[in-house]
Amino acid sequence: MRVIGAVEASDDEIRSLADLAQQYLEGKVSEAQLAARRRSPPSGDKRLCGPQCLLILCHLHGLDASTKELARLAGTDETGTTMYGLVQAAQSKGLKLRGHSTTYDDLRSRGVPAIVHMQEAHFIVVVRALDNRAVVIDPPLHVAVVPKGDFMSSWRGEALIPSPIADGPQ
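Numbering (our numbering), first residue to last: 4 to 173.
A couple of the hints might just be wrong.
Said to hold, decoys possible - List of simulated lysine-lysine pairs, DSSO-like, C-alpha gap at most 30 Å:
| # | residue 1 | residue 2 |
| --- | --- | --- |
| 1 | K71 | K99 |
| 2 | K99 | K151 |
| 3 | K31 | K151 |
Derived by calculation from the structure, the hints in this document are not laboratory data.
The structure presented is a predicted model; accordingly, all values stated were derived computationally and were not measured.
Modelling step: build the complete structure from the supplied sequences, incorporating the hints.
Below, the structure is given as structure tokens:
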């Protein structure tokens, strides 16, 4: 995959972020090890953050997908991807996403990975919201453990929360 002006990341690299986050939650990887794997920030195009986040959720739910396919299904264009587009792409892969205006406590109580909409039209995955910090994946860069206050100052209060579709892909 080629993204002009950005750090290239293969789908396997994106999927490995989800695995790394799970290893952290299982106590197999430390915060220091997460920080050591951090990539340099992209210098430009961030249009694929939504499809990359959806790729992570698909991977966590055992669904086969690629960033390119998800971007096409979501209608990603030069301005990025809408939450509605991500919902449509997810549904076509067999994953039901519901958009919610929600709270940090709701994310914490649900205990499932969710795509959240941050300031500056950016998407990240909250793998787990903990009492005072959140384990997040910011593709294609890194897995991070972010203090709750820092997360809250950038989060728009919107989330796409998954639940499997019984019938599978549409």
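Between K71 and K99, is the straight-line Cα distance small enough, at 30 Å or below?
holds, 19 Å
For the pair we were handed, K31 and K151, check the Cα-Cα distance against 30 Å.
Between K31 and K151 the Cα gap is close to 22 Å, so the pair holds against 30 Å.
Would the pair K99 and K151 pass a check requiring their Cα atoms to be no farther apart than 30 Å?
holds, 27 Å
Of the numbered hints given earlier, the model fails none.
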